[in-house]
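Chemist: All residue numbers for the sequence shown refer to the working numbering, where the first residue is 4 and numbers rise by one.
One or more of the hints may lead you astray.
Unchecked claim - EDC-like mimics (lysine to aspartate or glutamate), calculated; alpha carbons at most 16 angstroms apart, straight line:
1) K154 with D236
2) K154 with E107
3) K142 with D46
4) K183 with E199
5) K97 with D71
Worth flagging that the hints you see were computed from the coordinates, not collected in a lab.
No experiment lies behind these values; they were computed from the predicted model shown.
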Amino acid sequence: MRVTFLGTGTSLGVPIIACNCEVCTSEYVKDKRLRTSVFVEVDDLNLVIDTGPDFRQQMLREKICRVDAILFTHAHKDHIAGLDDVRAFNYFLKKPIDVYATTEVQRAIKREFYYVFEEKKYPGTPSINLIAIENKAFKISETLIEPIELKHLNLQVFGFKINSFVYITDANYISGNELKKITDCEVLVINALREEKHPSHFTLSEALEIIKIVNPKKAYLTHLSHQIGKHVDLQNKLPSNVWVAFDGLTLEL
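Construct the complete structure from the given sequences, taking the supplied hints into account.
Modeler: In structure tokens:
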């Protein structure tokens, strides 16, 4: 199993002309954070979790030529906006892409990408199969996927467990029952927006507390805003089993 971080940042942390903070002006490649997403290669499946606005750029950078399915954590625009760009995979693979999402996320997709679902489709529009999921384990081919129910302020979102890998983003609460699902994981990826309190995201200290409870062999921080600082400075603050994820980082599990 191989996991590649397509993006590890937030809309707040993308370099823009108006921002002159040390992260946005840094020339260090690990400080260049696109919107959060991962690519998972497992059991001859190519899976993407979330398609943010940078999806096309990320696919080109990593030279990814095949996507079998997409899993969505939630419907916020910075996690679904790149879905239109699956059309390139439709063209080369000659088939629709399976998209796994809750009914709430599906409603948002149908609203945002209405033209995908019209009876008389415009030529070249994306082709997807929407498959409803809930907080129950499901299979894609022979690969077992276990959703992890989380709260993003008042919004229900999903993390995902695939074999011994757990991916959590855009959350600020996980219940005891859901924590039990992931206590045997070897690799935990979790969002850590910044050090200051935030209403809908785990802070650095909150993320580290969950890592301490779960006690994975390795943990990686993602969904990092520029407010959390530069890669090297943040890494120097972390326990020995916790790393700062960066765009393009590949893990072999």
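Chemist: Hint by hint, note whether the structure agrees.
Modeler: How the hints compare with the structure:
1. K154 with D236: Given pair K154, D236 is violated - Cα atoms ~29 angstroms apart, limit 16 angstroms.
2. K154 with E107: Given that 16 angstroms is the threshold and the Cα spacing comes to 14 angstroms, the pair holds.
3. K142 with D46: holds, 12 angstroms
4. K183 with E199: Distance of about 27 angstroms is beyond 16 angstroms: violated.
5. K97 with D71: At roughly 12 angstroms apart (the allowed maximum being 16 angstroms), D71 and K97 satisfy the hint.
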